[in-house]
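Asks: Protein chains in written order, with the numbering used here: chain A, 804 to 1013; chain B, 804 to 1013; chain C, 804 to 1013.
Each hint should be verified, as a subset may be incorrect.
One copy or any two copies: either way a pair holds, since identical chains are not told apart in the list.
What the hints assert, rightly or not - List time: in silico SDA-like cross-link candidates among lysine to any residue, alpha-carbon distance up to 25 Å: (1) K886 <-> L858; (2) K886 <-> G918; (3) K886 <-> L968; (4) K886 <-> I977; (5) K886 <-> V1003; (6) K886 <-> A994; (7) K886 <-> L964; (8) K886 <-> H1000; (9) K886 <-> L1001; (10) K886 <-> P1002.
Everything labelled a hint here was simulated from the structure, so no lab data went into it.
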Amino acid sequence: MADYTFLTLIEVIGTIAFAISGIRLAAYRNFDWFGAYTVGLVTAIGGGTLRDILLDIPVFWMQTPLYLGVTGISLAVVILFRKMLVSNNRMLFIFDTLGLALFVVIGIQKTLAAGYPMWVAIVMGVITGSFGGVLRDILINEQPLFFRKDIYATACIGGGLVYWLAGLLGSGPIGCQLACAIVIIVLRMCALRWNWHLPVLSMAVTPDKK
Amino acid sequence: MADYTFLTLIEVIGTIAFAISGIRLAAYRNFDWFGAYTVGLVTAIGGGTLRDILLDIPVFWMQTPLYLGVTGISLAVVILFRKMLVSNNRMLFIFDTLGLALFVVIGIQKTLAAGYPMWVAIVMGVITGSFGGVLRDILINEQPLFFRKDIYATACIGGGLVYWLAGLLGSGPIGCQLACAIVIIVLRMCALRWNWHLPVLSMAVTPDKK
Amino acid sequence: MADYTFLTLIEVIGTIAFAISGIRLAAYRNFDWFGAYTVGLVTAIGGGTLRDILLDIPVFWMQTPLYLGVTGISLAVVILFRKMLVSNNRMLFIFDTLGLALFVVIGIQKTLAAGYPMWVAIVMGVITGSFGGVLRDILINEQPLFFRKDIYATACIGGGLVYWLAGLLGSGPIGCQLACAIVIIVLRMCALRWNWHLPVLSMAVTPDKK
C-alpha cells in the first residue's frame, strides 16, 4: 500500500513533466487551449496507455481522474508562466529527464507485477517512457524526435538493464527502482554534456568520382 | 432491445456521415478506391475502436459486417455523386455534425453500460466522436484539424456535460441522449455562424524593438 | 503442434523480410541504430500487434523474445550488407511479398482459431499484412504507401477470398494456406509486371474553359 502510494506520487510528477513538455510544443504551433491540453495529455499518458493495453490490464488513467486533473493544472502553469518557460530549456530538460526515469521505473514495475519476464518489463519501460513523446510528434506532424535524438531510448534500456542487474545482485524493489532511475538520469545528462549519440545507419553510397 | 436497435440505427447514420467525410478527403488526394475506402472506414470506426479497446469490451465492428458494408455503400455514393459533393460543403458540414453528435451519445452510453463513472463516459464520448478524424488526418499526413478547428472537441464536452446534468435532473436515458446531441449540433452551428473559437495558446515572445 | 511450429517458422521469415524493409527505409533517413531497429520492429510486429489487441488475445511477441531477436539479426544484416541491399530492389520486393503472403495467412489462421467468422479473418489478414507498413510510413512521416501503391492490400483480400473458397471446396488448413499465399504472391508479381492498379478516386472538377 505504501509502495503503491509512492508509485502514484512519482507517476504524477512524471505526468506533470511530460504534460508540460507536450503543451509547450503545442503552444509553439499556436494550438488552441483544448488542442494544447490534448497534446499534453497524450504525451503524458500515451506510453502508459499502450503499456496497459498490451498487458491487457485496466488502463491506469481510467481508474482515477487524477491524471486528467494534473494535466489541466500543467496547462494552467504553462499559460501563467509561459514567458519563463520559453527561455528555460534547461529546466525543461530536467523535467523531461525526471519524467522519463520515473515512467520507465513504473513501466517495469507494473509489467513484473502482471507476471511477465524481465525482458518484457524492459520493453514496457521503454514504451512507457517514450511512446507518449512519439505520439506527440505524430500529432503535431513532426518526424518523431525519438528516432534521432541523443540516447533517449537507449538510456531507458540502460536503466532497465541496471534494474535487472540490481535484482540479480539481491536488491529489493526500491533499490532496483532507485538504481534504474539514477542510471537513466545520469546517462541522459552525460549524453547532453558530451554529445553522446548512437552511430547513424547510413545508406549513402560513396559517390563515384566524376 | 428497442433501445439497442435505436442505438444501432444512429451508429449507422453516423458511420455513413464520417465515412463520406473521410472518402471525400482521400479523393482530393487521388487515393485509389481501396485507399479511399480504408480512409473512410478508419474515419468512421476509429473512434469506436479505440473506445472499445480502452474499455476492454468486444470491438463493435467485429460483431457484424454492417459497418464495413455501410462504408462500402458510402464509397459508392461518393463515386456516383462526386460532382454534387464537391460543391456542397454545407451538406457535408451537416452530415459531419450529425455524425459527431450521434457518436458522442453512443460513446457515453456504452461507457456507462460498461460500469464506468460519468467523467470516463464523457472522455469516451469525445474519443468516439473525434478520434476517427484524427486518424484520418494522420493517414493523409496532415496536421490533425482537431487541434485547431473551431470548437469540435469542446462541443463534444459540452454535450457530455449536458448529458450528465440532464441525468442529475432526473431525465431518463433517451432524454439525456437527445439533450446531448442537440447541444452538440447547436454549439457547432453557432461556432460556424459566429466564428467562435477557443483562445490560442501562443508562445510568441514580443519581438525586441530593433 | 507440428502445425504450430510451421506457423512460427513462416512468421519468423515474414518478420525478417518486413524488418529489413523497415530498417532499410530508416537508413535512407539517417536514423541512428536504435531508431532503425525500432522502425524495423514496428514494421515487422505492428500488424500482428493490432490484430492481437483487436482479437483480445495475448500479444504474440510478448510470449517469446524470438521476434525481438530476429529483428536484431535483421539490423545486423542490413549494417553488414548495406551496399548489396542498396542496389537490389528486386530482392527486397521478393522478401516483402513473401512476408506479406505469410503474414496474411497467419492473420487469417489466428482469427479463425479465436472463433471469429471468415470475413473478420480476412480483415485481420489484411491488417496483419499491411498495418506494420502503415505504421512505418507514419513514423518516418511519409504519406502511407498503402493508399497509393499498386494492389498491396487488394492482393491480401484476394488471397483471403481464395483461402475461403478453398475451404468451401473442402481443402484442409494447409491447402487453404498454400493457395492463399500463392495467390498473393502471384497477384503482386503480376501487378508489378503489368503495372496493374486500382482506379484512382479523383475529385478533380473539369476546369472551365478560359
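Asks: Indicate, hint by hint, whether the structure satisfies it.
Replies: Cross-check of the supplied hints:
{"no.": "1", "hint": "K886 <-> L858", "in the structure": "neither (41 Å within a copy, 40 Å between copies)"}
{"no.": "2", "hint": "K886 <-> G918", "in the structure": "neither (46 Å within a copy, 43 Å between copies)"}
{"no.": "3", "hint": "K886 <-> L968", "in the structure": "neither (43 Å within a copy, 38 Å between copies)"}
{"no.": "4", "hint": "K886 <-> I977", "in the structure": "neither (38 Å within a copy, 48 Å between copies)"}
{"no.": "5", "hint": "K886 <-> V1003", "in the structure": "between (36 Å within a copy, 15 Å between copies)"}
{"no.": "6", "hint": "K886 <-> A994", "in the structure": "neither (27 Å within a copy, 30 Å between copies)"}
{"no.": "7", "hint": "K886 <-> L964", "in the structure": "neither (39 Å within a copy, 33 Å between copies)"}
{"no.": "8", "hint": "K886 <-> H1000", "in the structure": "between (31 Å within a copy, 24 Å between copies)"}
{"no.": "9", "hint": "K886 <-> L1001", "in the structure": "between (34 Å within a copy, 21 Å between copies)"}
{"no.": "10", "hint": "K886 <-> P1002", "in the structure": "between (37 Å within a copy, 17 Å between copies)"}
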